[in-house]
Amino acid sequence: MLNLAAEQSDNVLSADELAKREGLRARKPYVAEKLANIYSMEERGEISPIIRLEKSYLCNFQCTHCSAEYYMDRHLEKVLHVKEDRQQIDLENIRDISRQADELGLARFVITGGEPLVMRDLDDVVAAIDPDKHYVILDTNGWFLDDAKAQHLKSIGVEKIQLSLDSIVEEEHDEFRNKKGSYKRVMRAIDATIGAGLNLLLSTVLIRGQPKTQKFLDLCQFATDKGVGLYVSYAKPTGSCTDHPEFVIEKEDADVLRQLEKDYNVFTHMTPSYGSHKGCITVKGIITVTSSGEVTPCPYIDFSIGNLFETPLKEVLDRGMRNPWLGPHRPDCLIGEDPKFIKIHTEKTAGATHLPLPWGKGFSDNDSLTD
Amino acid sequence: MEVEALQKAQEDIMSETTPLFDEFGRCLPTGLSSHAHQKTRRYFLIDKPEIDYAASYQRLNQAFAISDALSQEQFEKRVSSILDGIANDESMKAILNGVKVPFILPKALYDDIGHAMDTVYLPAVASAFHTSFPKYEFKNHSANALNGQLKVADNSRHQNVLEQMASDVVVGVYFPCLLEYSVPAAVERISSLPKQFSLAGGFDTSAAFISMPNLLLRKEGYPPLLWLSGLASVEENVAYHYEAYGYDLNFNRRVHLGQVAEYWASGITVTS
Ligand SMILES: C[S@@+](CC[C@H](N)C(=O)[O-])C[C@H]1O[C@@H](n2cnc3c(N)ncnc32)[C@H](O)[C@@H]1O
Ligand code: SF4
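Protein sequences, first through last, are from chains A and B.
For the first sequence, the residue numbers in the numbering used here are 98 to 468.
For the second sequence, the residue numbers in the numbering used here are 295 to 566.
The hints are simulated quantities; they were obtained by calculation from the structure and are not laboratory data.
Fair warning: there could be bad hints in the mix.
Unchecked claim - Listed next, with one range per pair, are the computed distances between beta-carbon atoms: (1) B:Gln-368 - A:Leu-115: 47 to 57 Å; (2) A:Glu-267 - B:His-409: 48 to 58 Å; (3) B:Ala-439 - A:Phe-158: 45 to 55 Å; (4) A:His-341 - B:Asn-441: 50 to 60 Å; (5) A:Gly-457 - B:Val-549: 24 to 34 Å; (6) B:Asn-382 - A:Ser-111: 34 to 44 Å; (7) A:Glu-140 - B:Asp-383: 34 to 44 Å; (8) A:Ile-253 - B:Arg-335: 39 to 49 Å; (9) A:Thr-321 - B:Asn-382: 52 to 62 Å; (10) A:Ser-111 - B:Gln-368: 44 to 54 Å; (11) B:Glu-514 - A:Asp-315: 44 to 54 Å.
Stated by the list, open to error - Capping the alpha-carbon separation at 30 Å, the derived lysine-lysine pairs in DSS-like fashion look like this: (12) A:Lys-312 - A:Lys-323; (13) A:Lys-309 - B:Lys-342; (14) B:Lys-433 - A:Lys-117; (15) B:Lys-433 - A:Lys-348; (16) B:Lys-489 - B:Lys-445.
As the list claims (entries may be wrong) - Reference listing, derived: stretches of chain A covered by chain B, where coverage requires no fewer than 3 residues with Cβ under 8 Å from a Cβ of chain B: (17) 133–144; (18) 429–443.
No residue lacks a Cβ here, since even glycine has one placed at the ideal position from N, Cα and C.
The shape of chain A in the complex, shown without the other chains (with noise of 0.2 Å):
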């Protein structure tokens, strides 16, 4: 999904690095100054996750492994024949999600979904977090991603592009995605994000065994002679993936991985950065906001810990610290890598219509690790 600590202290970055963050400061002092204050937040121990906002699920794919899928609605009525009932976020909402955020000193937004590219209210949505007072970061599949919309893009106060590419084999990586002519797509997205001056991140997603293939080898070199760096995010067995829990890891390919890190410009969400070493990012560094305003502790955690429309911001980031699967520090991925978690997930989620399941169902103060 992103470097998470990727926009943190100066004197750690690499001479692009530190251009790109002068340019930030020029453009976006008062960004530029809350992502700097981030390392001193964790140091005190605040927290400051990124916020990724699901307002649609609409799509025009429809992946091998999409943990979105049973949020959309084509799943819901086509599949469960129940229609989303559920009071849904608009755009007064998300700017006062956007005001609590910079309240508590959050300094990350990512529009994701579904496929952003195909909300017509993204440019609202873009000025609703508001991009001076926030860093916006856009997650695609890169469909629809050309020179002008990549402009266009930049000119709303985009920062980032996130862009999914799964295999560096065109044909696979259309199977895996379902969408012949995908692969060249993302291609062409990649020229036109550099093009636009836009910051790019590649992210794949990582299924057993991979690691030790010639293949993903050749995806690493891949980004790594782009200068791009490549996102990797462990299959989770959510949404569509829970029909393929051969996709789940192994602890030898995070192992593989983690050594991979060391000749190509790749990455997971917990690869130490700059100093952090987050370990598992559950709450202390990303929050998914869904359409319904339920807060998870992770994009692919179909538990809430609170929602926005009942409880403020800070009181649901606070429960979610308290949280015993979630707040306390842990170097291998919840709900990726730990057998008990994902089976209680894989339960409790088990013929549920309206994910995530709300405060009380999912997580609940009473958690503990050892029942």
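Once you have looked at the hints, place chain B with the ligands on chain A.
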């Protein structure tokens, strides 16, 4: 005086009747006001390493040049005597069910613990790790930054280890058995354990890693992070630790805020 004597008698009775360690050698978190998990699901674990005295001795001698003062045979004998002493004590013997790492420390007296870590102990861990695992990496994230940063933690009994070092070569056994303890809980717990137990700090923990560089190298599951709880940082709420990163080994600092984590552990040292 009377009150003290009474307290002491009470402690003696407690330690005779209350088990100190569970069947896996974890030190039970009894009577603590600081944070520690009462129960554990045993998720972050160290695989019990086989003791190879010859290999440990060779690495420790490489690091500290102790062969004139202590032979391998004497090393083995003194470790056996520590282990036998523990095995013969009902309340203590279960600690032997857990991980134990014999080590040697040189005779030495340092003005500054941090400086000695920077110049002697961490480079020695790096060298032992690289020799054992040339493909993996030992990374010291606090390289040459420890001068003046570390002191013995109050009430940790770690001073005992340093005092012994000042007078002779020390042989000891490191037990990473304070699993799922906060740093303050580790300090709190040590004061109610039998007096031969000290909280491990920088030199003894490092010597344990020189003795067994593979201590945290675990392929099937994740090992815990090991705090040097016998040492306090001059920065409040900060402590130093060893931690695996995949197949690599890291030395680092972090803010702990007195919190507990399933992933965090501290070690006990027993010396001869
Ligand atoms: C949910 S998508 C939304 C943004 C956009 N539609 C895209 O595909 O990039 C965000 C990222 O999550 C990744 N992702 C989706 N399902 C996943 C899963 N089960 N495990 C790991 N990553 C997943 C996607 O590959 C993508 O990189
Ligand atoms: S991963 Fe992205 S592109 Fe694929 S179905 Fe999910 S939201 Fe759409």
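Exercise. Honestly, do Glu-140 (chain A) and Asp-383 (chain B) meet the 34 to 44 Å range at C-beta?
Worked result: At roughly 43 Å between Cβ atoms, Asp-383 (chain B) and Glu-140 (chain A) fall inside 34 to 44 Å, so the hint holds.
For this session: Take the C-beta atom of Gly-457 (chain A) and the C-beta atom of Val-549 (chain B), compute their distance, and say whether it sits inside 24 to 34 Å.
Result: holds (31 Å)
Exercise. Taking a Cβ-to-Cβ distance below 8 Å as contact, does the region 133–144 of chain A have at least three residues touching chain B?
Worked result: holds (count 4)
For this session: Can you let me know if the beta-carbon spacing of Glu-267 (chain A) and His-409 (chain B) is within 48 to 58 Å?
Result: Holds - the Cβ-Cβ distance for Glu-267 (chain A) and His-409 (chain B), about 57 Å, lies within 48 to 58 Å.
For this session: Could you see if the CB distance from Gln-368 (chain B) to Leu-115 (chain A) stays within 47 to 57 Å?
Result: For Leu-115 (chain A) against Gln-368 (chain B), whose Cβ atoms are near 56 Å apart, the range 47 to 57 Å holds.
Exercise. How does the coverage statement for the region 429–443 of chain A fare against chain B, requiring three or more residues with Cβ below 8 Å from a Cβ of that chain?
Worked result: holds (count 3)
Exercise. Between Ser-111 (chain A) and Gln-368 (chain B), is the Cβ distance one that fits in 44 to 54 Å?
Worked result: holds (52 Å)
Problem set entry | Agreement of Lys-309 (chain A) and Lys-342 (chain B) with the hint, judged by alpha carbon distance not exceeding 30 Å | holds (28 Å)
Exercise. Quick one: are Ala-439 (chain B) and Phe-158 (chain A) within 45 to 55 Å, going by C-beta?
Worked result: holds (48 Å)
Exercise. Should the hint that His-341 (chain A) and Asn-441 (chain B) are 50 to 60 Å apart at their CB atoms be regarded as holding?
Worked result: holds (52 Å)
For this session: For Glu-514 (chain B) and Asp-315 (chain A), compare the CB-CB distance with the range 44 to 54 Å and indicate the outcome.
Result: Once the Cβ atoms are compared, 29 Å apart, the range 44 to 54 Å for Asp-315 (chain A) and Glu-514 (chain B) is violated.
For this session: For the pair supplied as a hint, Lys-433 (chain B) and Lys-348 (chain A), confirm whether the alpha-carbon distance does not exceed 30 Å.
Result: holds (21 Å)
Hints 6, 11 from the earlier list are contradicted by this structure; the remaining hints agree with it.
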